[in-house]
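Turn these sequences into a full structure, and let the hints steer you where they fit.
Chain by chain, the residues run as shown.
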Amino acid sequence: MSSFPTDPSLQGDVPLLDVRELCTSFSTQRGRLQAVDQVSFQLEQGQTLGVVGESGSGKTVLARTIMGLLSGGGIEHSGSVRFEGQEILGASNAVLRKLWGARMAMIFQDPMTALNPVMRIGRQITESLRLHLDVDRAEARAIALSLLTQVGIPSPEERFKSHPGELSGGMRQRVMIAIALACSPRLLLADEPTTGLDVTVQAQILDLLASLQEERNMAMILVTHDLGVVATRTDQIIVMYAGRIVERAPTAALFSSMAMPYTEALLGSTPRLSNPSHTRLAAIAGRPPDLAALPSGCSFSPRCRYAQDLCRRQAPPLVAAETPGHAYACWFPLGGRVGPAPTETPVSVR
Amino acid sequence: MNAYPPQAGMGVGVGSVVGPTSHYASSEERPLLQVQDLRVDFRRGRSRVQAVAGVSFAIRAGETLGLVGESGCGKSTTGRAIVQVARPTGGSITFDGVDLTSLSGSRLRRARVGIQMIFQDPISSLNPRRRVRDIVAEPLDIWKKGAKAERDAVVTSMLEAVGLSAEVAGPRRPREFSGGQCQRISIARALVMEPRLLICDEVVSALDVSVQAQILNLLEDLKARYGLTLLFIAHDLAVVKNISDRVAVMYLGKLCEIASADTLYRSPAHHYTQALLSSAVEPDPSATERPPALQGEPPSPIHPPSGCRFRTRCPRAAARCAAEEPAMREIAPGHAVACHFPLSTSDQSQASGATAAGATAAGAAPSVSPG
Amino acid sequence: MTERAVPVEAPDPRTPVSTEAADALGGAAVAAITEVSEPRRHLGVVFWVSLGWIVLTILAAIFANVLPLQDPNLQSATVNAGPSAAHFFGTDQLGRDIFSRVIFGSRVSIVVGFGAIAIGLLTGGTLGMVAAYYRGAVDVVVNAVSYVLLAFPALVAVIAIVTFWKASLWKITLIIGVASAPLIFRIVRASTLSYATRDFVTAARTLGATNRRILTRELLPNILPTVVSFSLIGVATVIVLEGSLAFLGLSIPGPTPSWGNMLNQSRTGLNTIPGQSNPWLVIFPALAMFLFLISLNLVGDRLRQHFDVSEIKL
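Chains as they are written, first to last, in the numbering used here: chain A, 110 to 459; chain B, 5 to 375; chain C, 142 to 455.
Certain hints may be false.
[Claimed, not checked] Which stretches of chain A does chain B cover? Using the computed rule of at least three CB atoms under 8 Å from a CB of chain B, they are:
1) 217–228
2) 335–341
3) 388–402
Quick caveat, the hints were computed from the structure, so don't treat them as lab data.
Where is the CB? At the ideal position from N, CA and C, for every residue including glycine.
Following this line, the structure appears as structure tokens:
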């Protein structure tokens, strides 16, 4: 794992976040939905992990499970989520409350619904400060104002008294970031933080997150549907499809030598500025699968141009590629690689 | 009422550049659509908002014009004003030689059948209580076109043209379909009356990346097959570039720049266009060296800045920009910009350096087949 | 919790499993939608029993004249009798057959209930759709008028009018109908507004549909479920109102039976002859009214839920 230097300050070799064989399922009218299936990864201090997937890929459920936000009727988890060595999965609310805000924080796609519309901005920031840090009202206010300045909100004194409805989408997301960072968490989960924002505002928010992250040596999980968002701002990327990791790699390795046909298809479907106009997109047929009725074998096989009998029969395991940290789940990987051996005798001949 | 009377400022300038006499809207054939000094006002509380404040452009038959800009710039309102769903408060919209703004009632209904529109939200675009076959047949029913059997044949072939099986999809209701499929149904309904101009308002922005590519390819195919002319409105620069022949950039109700797609992206002349391009993210890890992103957010359209509307965020703003509104002028054949200090060629090459670097890396996208 | 936690990712449980077939090359290939029939939604036994009861009551009211019933105004010798083979529900203090009077009495409730709401729908409902679709000055004016009317204490107004203007079946229906119009207006307007701004209405306009076509073909089918379920609950409310008026002696005067004036009668009957109270005179009209009202409410509520659900899943 050359691209993930272990932080010497951590005793032993405990990563900041260690997710192992995590599964999350929901019971619905149509049966159990396996929203997250056998997901494992580690995240070190100060590193950024991009989680990329289309709708129904399980990326948002994964983020919320890691945060400990999903519990209650009909939801089942298995596996383990260790944050700073502490098990989060199934932890009590009292334990989680101590972590939320203080050690790990989350920002959401729609800051309007994540902010309390009837509470002034200032109070929403100071509330968390006073809960986690032992500060009085004046100190909390001073910290909050400095946070608003740090996240690039003009005239923070005025904004302190505003309600969320009075701010633009970009400003609201900045406020969300200020709230999330109020107690200097070690891990920030950003779930589609720029989806729905304008291009220029998106660039501002992504730059802001990157600079704050560097300043604070904070780890970040950036969940998005847009390969462009994660291409230049992450250390490693997880590509998810139908609840599973289909490819995991250091960012540069993923783009230079991708192994999974789905990753290739996703990239081929994305229009690019660098291509001339009327460039035919390498679109793939179909759409992301329905989690309640997954195809047998590899979930991507019905849409995959390379799919063979084996793919439709047996789901491929996640196996390591030649680059350290690079793994993929495909029987017939790209780039002339030799795929994993199936557990049963293969019928099809490659 | 209007802050900028049509005879002053950019109205005349734009007309002279983008008008039918302009050589790229070739003089021998008149453009299919000619939008001249279009203005649309909305009342918001007590104040009036100029959502579109004097926009002029022309679309030739058979071309695709992309209209790009950020939210609230008036690009969607422009599209809705062309079909007269938002009635313009000023200017003219000449479609196929007829000024739509002068029409009303049944004459307007008849005249605009040649223009059809597809919307962003594929699910809200379809009546949830009707069956797909009836939805697609609706225009034929409205205009009492053909006998039942003929209509059925048209609907079947149109559903199949957009990639849906008429037999399976026809008797179902919209809620049984995914967003991408609903968008296909919308396209089928829009094309059933054989329109000449198709206005696409953010039609792929609600879709998954893999489905978005399918719809973009489908639109290109249908355009070729039915000889359509497209006005493609979107916020995503890469999507707009992919589908458009020419691209117009809007900011706060006005056009900044208009040029052929490849020219605009290779050598933007307006500072706003350049800012948009440098803000765009590309799926390419090597594209790291970018000029700093634009600061701040667009000002309120209720009180737009004097002079050039972009001056409050423009790195090159000078006194003249506040005093005088820049007129649209042609800086190269087919390339018009509304800026007192457009980017010179040297600026442009600098700006597009990152994009050029990206282009080489993009070519290396793996396309190796397995084993 | 489950529903709230996963709105972004949870796949629409109703979308069929689909593989849009190889149409990456545009529209050439045909996308297959695998045959997954829409899951049947059940209205439930309670709904059908309630609906059955409503239909039965209405049929009985319509065919009361031809049914083998005793004359509701025939005074027999047996006074204040309990249920028997001759008189299923017993007789009142004038010896009239309660069973027959309950059935004939339902006519008043049904006519006033459905009639008043029909008047309300025709006036308030039509105005509501028109105001919500056209907006502008029409909307502002009708909206303002509806607020003024809503601020009026309807019951007091009805009592005052009836006192001065002598009650009859049609007058009561008309008055309550007019009183219900502003409320129906508000509900129809709100429900129309939520659809009028959707893109399928804009699409219909650009396709050349006339305003009347949009109102009747695009908007009406969408608001109908809400309007129907609300109307049924409205009918129940009106029946209670008529009952209250009758109980106060302000509705249809005797000897015409109605559930309300039978209850009123029973009150006087109970009081005048102490020790000889006739509970049947209270129980049967009250029971008939209760069952009819609860059926209306259950049907209305179940319909509302039924269509709400499909709306959410949209």
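- Which of the numbered hints are not met once you compare them with the structure shown? Hint 1 alone not satisfied by this model.
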